[in-house]
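*Asks:* Those protein sequences? They're chains A and B, same order as listed.
Under my numbering, the first residue of the first sequence is numbered 1, with each subsequent residue one higher.
Under my numbering, the first residue of the second sequence is numbered 1, with each subsequent residue one higher.
The set of hints was computed from the structure by calculation and includes no laboratory data.
The beta carbon of each residue, even a glycine, is placed where N, CA and C say it ideally should be.
Misleading hints may appear alongside valid ones.
[As the list claims (entries may be wrong)] Here are the simulated DSBU-like cross-link-like pairs (lysine-lysine), alpha carbons at most 30 angstroms apart as the crow flies:
no., chain 1, residue 1, chain 2, residue 2
1, A, Lys130, A, Lys22
2, B, Lys62, A, Lys160
3, B, Lys41, B, Lys203
4, B, Lys178, B, Lys41
5, A, Lys96, A, Lys22
6, B, Lys203, B, Lys40
7, A, Lys22, B, Lys40
8, A, Lys130, B, Lys62
9, A, Lys96, A, Lys130
[Unchecked claim] Which stretches of chain A does chain B cover? Using the computed rule of at least three CB atoms under 8 angstroms from a CB of chain B, they are:
no., segment
10, 52-62
11, 134-145
12, 160-174
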Amino acid sequence: MNNGVRGKCTHAGVFCRERHYKFRPGETVLIEYSSDFPYYLAFYYLIRAVRREGIPVLIDDIGDTLSRYAFALETSGIETSFLNDEGVYVIKIGGKRNIGNVSGRIGIESDFYVHNLEYSRVFENILCQKDFFVNFVLGFDTRLLMTPNPRDRFSFLVSKLHYLGNERRVAFYFVNSDVISGYTWEREYLREMVTSLVQLERDGEQYVVRVVKSPDYDAIGSFNLPKETLIRLIRGEG
Amino acid sequence: MEEFSRLFDALTPGENVLVLYDSEHPPYLLFLALINYAIKKETPVIIDDIIDSLHIYRTNIKLLGLDVSPLDNIPVLKIGGSMNTGHVVARLSLDEDVDIYISRYSSVFGSLIGGEQVPLNIVLGIDKLFAFYFNDWRAIRRLTTIPGEFAEGGHRTAVYFANQRILETFPRLSAMFKDFFTTILVMGGNLKGCRVNVVRSPKIEMMGEEVTLTRA
């Protein structure tokens, strides 16, 4: 294995300001977007930056969430063929619409023991082939909604702890903050277990990016992103 | 740092300290400072690691670029969870029944102490146990009294770290829980440096003060 991996960073920032904000290997980044934020654009911006560097990507597609993202991007006039690139792997958790390179499939009803076993099998399989990759987790909020038993929600959250700090990957969890606001301790537990927390909101004509928590503590703070800037970042060279 | 030592030097064996934090005001720097303080004073430390909480602390401290090696030699009592962080000396599974859990805990914990010096017992993740027992009011009520029970005899001094927002999900029970503590510290600041609000302390003159802990 390549020893240079430890020092590797993804150069993808969450809509950067002056400085390029880098995520460190081992990080888990929670992105909480409000319902009036175009979350799929944030996803696109990040995944494009990661893929430009040739870093492989693993997408956890919970309950066909990825097809919702892809549809939203396409209707916004954004080309989504990058999802079929060789370096893009997808684990389907529930759902039936296949997008991208489906490398594993887990039934959404399966119990957590089976789920974790199967998930770690797919995960390790990709780790075997790659030195470093970026993991996008889509539909985590849906998963909470679909898990009526609090004890099961607890186990689901805890099972994700296992991947935290693994320096061969960085993970981005996209969740709708309005969906998870009803799950008080679940939300706080999730916020605690991640290493970075970024909140995306809309304020009139502008968008607001708030870095609440990050090991790169100079990045903590919030800034406004005018609509024009957002469009420029998505369309042009961001 | 001096003020920080004053807070912890003042503790009487048996006392309970509660450190409240949330994700915006994390406790990692205080936790690390406390470990280093104990090592310097040659006070034995036992960490209760409830449901892999220590893994969260260690990962965050490491990503901050700080030295995690002091953590790796400290005896750890694992309660639930599956990740072996630190020097695990005993393991307890989380039984569905809280009474069985507590009685097992007392006997395991009792076997770990008994040296000449009163150990510092750092408890990570008691709030996760509240969430784990979620709708079992009796179990959580039983958990709230643990700090009180173990205070008797003065065999250890305990520092509990708890996520304030998770505790608040159980408002009456967490209020009852807080009553067992003679020191209550609330985290402010951020990862750059932390401010610690002294809500309650046996050092009465320090109450209401803010202690600053800069990043070493």
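*Asks:* Each of the hints needs a verdict: does it hold here or not?
*Replies:* Each hint, compared with the structure:
| no. | hint | in the structure |
| --- | --- | --- |
| 1 | A:Lys130 to A:Lys22 | 20 angstroms, holds |
| 2 | B:Lys62 to A:Lys160 | 19 angstroms, holds |
| 3 | B:Lys41 to B:Lys203 | 20 angstroms, holds |
| 4 | B:Lys178 to B:Lys41 | 28 angstroms, holds |
| 5 | A:Lys96 to A:Lys22 | 34 angstroms, violated |
| 6 | B:Lys203 to B:Lys40 | 22 angstroms, holds |
| 7 | A:Lys22 to B:Lys40 | 35 angstroms, violated |
| 8 | A:Lys130 to B:Lys62 | 23 angstroms, holds |
| 9 | A:Lys96 to A:Lys130 | 27 angstroms, holds |
| 10 | 52-62 | violated (count 0) |
| 11 | 134-145 | violated (count 0) |
| 12 | 160-174 | holds (count 4) |
In this structure, the hints that do not hold are numbers 5, 7, 10 and 11, in rising order.
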